[in-house]
Amino acid sequence: MSAKVAVLVFPGTNSETETVRICLDVGLDARAVRWSYAENLPSYDAYVLPGGFAYEDRIRAGAIPAHDPMMDAVIEGAQRGKLVLGICNGAQILLEAGLVPGTGPVRKPTAAFTRNAPVPRFVCTHVHVKLAVEPSRCAITAALEREALIPAWAAHGEGRLAASDEHLAEIAAGGHLAFVYAHADGTVDERAVPNGSALGCAGLTNKAGNVLAIMPHPERDAWDFNHPDLRSGTNVLSPSGGAMLFASFAEALKDV
Amino acid sequence: MSERSVAIALKIPDNAAYTAFLALRRLGVRVARVERAQILQFDDGGDAGAAVRRIARNEALFNPNVHELEVLEKNAPRPGEAWIEMLRGEPEAAGGSSLRRYMGWRLYTEGDSPADVATVRAAVEALLCNPAIERAILE
Numbered sequence: 002m003s004a005k006v007a008v009l010v011f012p013g014t015n016s017e018t019e020t021v022r023i024c025l026d027v028g029l030d031a032r033a034v035r036w037s038y039a040e041n042l043p044s045y046d047a048y049v050l051p052g053g054f055a056y057e058d059r060i061r062a063g064a065i066p067a068h069d070p071m072m073d074a075v076i077e078g079a080q081r082g083k084l085v086l087g088i089c090n091g092a093q094i095l096l097e098a099g100l101v102p103g104t105g106p107v108r109k110p111t112a113a114f115t116r117n118a119p120v121p122r123f124v125c126t127h128v129h130v131k132l133a134v135e136p137s138r139c140a141i142t143a144a145l146e147r148e149a150l151i152p153a154w155a156a157h158g159e160g161r162l163a164a165s166d167e168h169l170a171e172i173a174a175g176g177h178l179a180f181v182y183a184h185a186d187g188t189v190d191e192r193a194v195p196n197g198s199a200l201g202c203a204g205l206t207n208k209a210g211n212v213l214a215i216m217p218h219p220e221r222d223a224w225d226f227n228h229p230d231l232r233s234g235t236n237v238l239s240p241s242g243g244a245m246l247f248a249s250f251a252e253a254l255k256d257v
Numbered sequence: 165m166s167e168r169s170v171a172i173a174l175k176i177p178d179n180a181a182y183t184a185f186l187a188l189r190r191l192g193v194r195v196a197r198v199e200r201a202q203i204l205q206f207d208d209g210g211d212a213g214a215a216v217r218r219i220a221r222n223e224a225l226f227n228p229n230v231h232e233l234e235v236l237e238k239n240a241p242r243p244g245e246a247w248i249e250m251l252r253g254e255p256e257a258a259g260g261s262s263l264r265r266y267m268g269w270r271l272y273t274e275g276d277s278p279a280d281v282a283t284v285r286a287a288v289e290a291l292l293c294n295p296a297i298e299r300a301i302l303e
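Top to bottom, those sequences are chains Z and G.
Per my numbering, the first sequence runs over residues 2 to 257.
Per my numbering, the second sequence runs over residues 165 to 303.
Don't read these hints as lab results, they were simulated from the structure.
Source: prediction; values computed, not measured.
Be aware that one or more of the hints could be misleading.
Simulated restraints, written as ranges between beta carbons of each label pair [to be verified]:
| hint | chain 1 | residue 1 | chain 2 | residue 2 | range |
| --- | --- | --- | --- | --- | --- |
| 1 | G | GLU234 | Z | ARG81 | 45 to 51 Å |
| 2 | Z | ALA173 | G | ALA214 | 21 to 27 Å |
| 3 | G | ALA214 | Z | GLY13 | 38 to 44 Å |
| 4 | Z | SER165 | G | GLU234 | 48 to 54 Å |
| 5 | G | ALA196 | Z | SER3 | 32 to 38 Å |
| 6 | G | PRO243 | Z | PRO229 | 52 to 58 Å |
Partial list, derived from the structure: chain Z residues whose beta carbon lies under 10 Å from chain G [to be verified]:
| hint | residue |
| --- | --- |
| 7 | ASN15 |
| 8 | ARG22 |
| 9 | CYS125 |
| 10 | ALA170 |
C-beta: ideal position from N, C-alpha, C; glycine also.
Let the hints inform the model, and build the full structure from the sequences given.
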């Protein structure tokens with residue numbers, strides 16, 4: 002029996018359809034769960050927070066949904082070891098909820114994915130993210146190869162990791178830096194970072210490794226028709242690189 | 165040099181302020197109403213009227229169809245208010261610009277009285293400020 006995965010839908014979430022679709026494609030029993038059905042969440046085995054603009058990013062991106070009753074179930078589940086994956090706005094929510102990097106109390110954020118720099122404008126560009134920890138450091142990445150390179154689309158105005166120097170040092174030393182931006186050949190430098198993110202960060206995990214927050218959208222490069230160098234003659238519904246992360250997520254849930 | 169502060173608020177219903185109000189109530193912060201305003205602080209060059217008129221004519225800052233502009237008596241939060249500022253180094257922080265921006269959150273309790281400092285601090289710590297990127301100034 003497949004693991005039951007809830008894809009959370011807050012008012013303003015807009016990426017639930019493709020997120021549910023790729024989860025189904027990798028064999029998970031995924032379904033979208035709307036904010037008015039928060040009471041159903043404890044029965045799920047894992048949670049995915051998809052992209053969008055939950056609650057219209059009021060106050061700050063992720064601030065209001067981090068305190069939504071849906072997040073009570075996600076936080077409780079994460080503390081009990083359930084897997085939680087946040088993508089883009091979902092990643093912002095996980096930081097506001099304090100689940101990642103998890104270096105402070107719950108709902109007392111120690112970092113944020115905030116306004117891009119040096120120019121605080123929205124970026125929409127194809128990127129690659131590189132696994133920056135041992136795959137086993139995070140349950141969701143455990144089935145990936147070392148230094149796996151995953152294509153994705155960055156589509157955000159607030160994706161730059163920001164924190165105090167002390168907390169950035171803690172993120173680096175604690176193995177919380179799960180993914181960094183990279184070029185297509187796997188090299189890492191500042192030019193690969195589209196948003197000025199500290200440490201070149203594209204994704205963070207928590208201490209236990211059961212929560213992963215990633216800013217770019219792997220689910221938007223999950224089939225070949227999503228990929229920017231699609232060639233004619235290709236089966237457009239073949240899995241693309243972004244599907245690797247979800248396949249690894251499904252692998253981590255196979256014994257649930 | 166004389167510093168001047170103005171508050172630019174919506175005169176139509178402010179959905180973000182209402183969302184903050186609902187969230188704060190759910191978090192146990194006892195507020196009856198929340199107002200939000202963009203606070204702009206600048207050197208008025210000794211002519212407050214001309215400086216305020218310049219702000220009011222800047223369509224990127226002020227739209228008379230939806231905004232109201234209030235010149236503040238002091239360059240500090242009013243009773244019941246917290247000003248949230250991006251930390252230095254953030255792209256939206258004042259930097260070398262002569263214009264400082266804050267998000268002003270003004271809280272009211274039952275009877276429409278400005279909230280006390282303890283209530284404002286509770287709201288700031290619970291929701292209104294992420295200390296990783298922002299700092300709060302209270303009255």
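Indices of hints not satisfied (ascending):
2, 4, 5, 7, 8, 9 and 10
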